[in-house]
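Sequences are here, hints too, so could you generate the full structure?
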Amino acid sequence: MMRQMRDNTKWIMLLTATAFVGLMIFQWGMDITGQGGMTTGEIGRVNGTPVLYDDFNQTYRRLFDQVQTAQEDPVTTQQIKDIEDAAWDEVVDQVLIMQELERRGIVVTDSEILSAARFSPPPEFQSSPSFQTDGVFDIQKYQAYLSSPTIDQLFLLQLESYYREVIPRGKLLRQVSSDIYLTEASLWDEFRDRNEAISVRYLAFNPVQRIPDSEVNVGVEEVRNYYNSNPDEFSFPAQATVGTIVMDKTPTASDTLAAAELAMDIRQQLMDGDPFEEVITRPDLLGGSGELGWFSRDQMVPEFSEAAFSAQVGEITTPVQTSFGFHIIEVQDQAGDSIQARHVLVPIRRTDDSELELLILADSLEELGENEGFKEASEALGLVTGTAVLNPEFSFIAGAGEVGEASEWVFEEEASEGDVSPLFETREAFYMLEILEIQEAGTVSLEDATPSIEQTLANSKKIENGKDQASEVLNELNEDVALEELASNLDLEIQEAGPYTRLDFAQGLGRLNAATGAGFGLNIGEFSDVIEANNNVFILQLLDHTPPDSLVFASESGDLRTQLTAIAQQTRLQEWIESLRSVARINDRRDEVLNADPDASAQQQMPLVF
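Per this note's numbering, the sequence shown starts with residue 6, numbered consecutively.
A couple of the hints might just be wrong.
Unchecked claim - In the SDA-like style, the derived pairs of lysine to any residue whose C-alpha atoms are separated by at most 20 Å in a straight line are: (1) K472 <-> E489; (2) K472 <-> L482; (3) K176 <-> D98.
To be verified - What follows is a list of derived Cβ distance ranges for each label pair: (4) E311 <-> A446: 50 to 60 Å; (5) E490 <-> S457: 33 to 43 Å; (6) T255 <-> T286: 58 to 68 Å.
For the record, the hints were derived by calculation from the structure and aren't laboratory data.
Because the structure is a prediction, the values reported are computed rather than measured.
Every residue gets a Cβ at the ideal spot worked out from N, C-alpha and C, and that includes glycine.
Set out below in structure tokens:
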């Protein structure tokens with residue numbers, strides 16, 4: 006299968022799974038009730054309702070189609086599995102929704118469809134330039150189009166089908182979320198959290214680092230009590246030590262040289278007078294080129310800025326390399342410390358020859374690994390081997406990235422020590438494994454856990470000592486001793502943070518914790534109590550405060566209510582569909598159907614995406 010996929014992967018792309026909520030509201034419907042004349046066969050059942058293979062395959066194809074232009078890299082075996090899972094989840098959700106619509110008696114009338122078609126066009130139409138005036142959707146243009154005597158009748162049937170799907174689901178959404186109401190107080194709290202800002206200065210006592218281990222004592226009985234009271238901390242999942250062969254997909258030095266030569270050729274085209282607008286449409290550029298507008302030196306990466314700001318107006322620079330690729334820059338204008346420019350971006354990627362060479366090597370590794378063995382394959386092909394430790398909860402191999410497919414092979418397919426894996430593929434690499442050792446799930450012994458427990462308890466005692474020290478400082482501050490003097494005596498640095506809101510990350514303090522929140526309860530110049538956060542101890546002083554503006558809130562509360570209500574509805578929908586799933590009888594026959602022997606079942610086959 007691996008080899009067959011690579012024969013067709015020049016144009017295959019993968020979609021990140023579409024969120025259920027967006028699908029429920031906006032997706033064009035499909036017949037998934039089993040009443041639409043499907044003949045290919047079942048791939049599963051949900052509460053007795055068939056999940057038809059054709060519906061699954063249609064969803065699978067759509068997920069591919071939506072990203073064919075969004076990802077240059079070929080689909081990988083790991084992505085194949087991810088998209089199969091996403092397609093399955095989607096069709097199961099569709100069946101559950103249809104069952105719930107029927108149970109609740111939710112239907113749509115012809116008059117509702119006519120009204121929606123005239124006054125609530127699908128989002129795709131609202132964003133179409135054909136129905137816009139000065140960049141804004143024009144309902145009159147849309148309605149005129151619907152009333153046109155030349156309109157395609159097939160389109161009207163499709164539009165009717167769309168509303169027959171969407172309107173009942175909208176009613177279902179309103180029923181499911183009918184009790185959601187946001188009070189003015191909750192809206193104000195959210196507005197305040199986003200807009201109220203403070204600036205502070207603070208002392209961070211850093212007791213874990215500053216207090217020596219020799220100043221705290223951890224007893225044997227304390228260690229034992231901690232071990233017995235926190236069993237979950239010392240349990241570990243099954244893990245496997247594996248040998249690895251990783252074949253990196255990143256471009257080689259020769260690929261970089263080829264990109265540089267292409268960039269020089271493109272520059273020469275521009276120098277010879279070829280229109281910029283035509284040059285940037287070359288299929289080998291893959292996008293990213295075009296007008297950059299006005300920008301200052303610090304808005305671009307240093308290499309780009311150095312070349313652009315060294316050029317004269319009208320000059321076309323020689324190619325300059327950044328992490329994005331090679332840029333040919335044309336400076337169009339200059340004013341003050343800013344310039345206006347456009348550029349052609351030549352990406353650094355594998356050439357066809359380089360990619361073919363990699364695929365041939367991957368095929369050779371797959372064949373030798375299967376027939377000769379792991380070590381023999383690596384030696385025959387001159388490939389470097391390494392080792393990695395995998396477990397079901399975290400499967401990562403340097404150079405290959407996340408390797409969930411390999412983890413499934415190790416832990417779910419009952420592989421044994423000495424087994425050699427098939428050749429797997431991620432977006433970063435091809436890779437193969439040999440199982441060196443498998444360790445079953447278990448619990449760390451008290452003896453082995455003792456050093457880490459001692460450190461944990463020692464750090465906890467250091468924090469308490471740090472809080473005592475901070476309390477002494479706070480007492481002296483209340484007696485009008487300057488913060489600067491106390492900081493100097495303790496060899497601590499006074500630091501500042503802000504302005505930041507309740508939701509922001511504050512430098513040195515963190516985010517959404519006691520340290521960042523404490524300042525919002527202070528008056529300007531006032532010191533906080535001793536604060537423990539982020540395994541540290543702080544004292545804060547408020548320097549500045551920007552309160553939330555009630556007039557701005559009054560003008561924006563309507564939009565805020567709409568936004569927060571939509572978020573609450575989406576959350577409710579997710580919870581609702583999960584609750585339906587939790588009690589549903591779901592029979593997943595994908596393994597049986599998709600991996601069936603083709604001679605045994607001529608009707609059932611893998612999704613035809615190639």
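Regarding the pair K176 and D98, is the alpha-carbon distance no greater than 20 Å? At roughly 17 Å apart (the allowed maximum being 20 Å), D98 and K176 satisfy the hint.
When you take the CB atoms of E490 and S457, is the distance between them in 33 to 43 Å? holds, 39 Å
Return holds or violated for the Cβ distance of T255 and T286 against the range 58 to 68 Å. violated, 27 Å
Given pair status - L482, K472, alpha carbons within 20 Å: At roughly 15 Å apart (the allowed maximum being 20 Å), L482 and K472 satisfy the hint.
Could you see if the CB distance from E311 to A446 stays within 50 to 60 Å? The hint (50 to 60 Å, Cβ to Cβ) holds, given that E311 and A446 are roughly 55 Å apart.
So if I understand the rule, the pair passes when the alpha-carbon distance is 20 Å or less; does K472 with E489 pass? holds, 19 Å
Checked against the numbered hints listed earlier, the structure breaks hint 6 alone; every other hint is satisfied.
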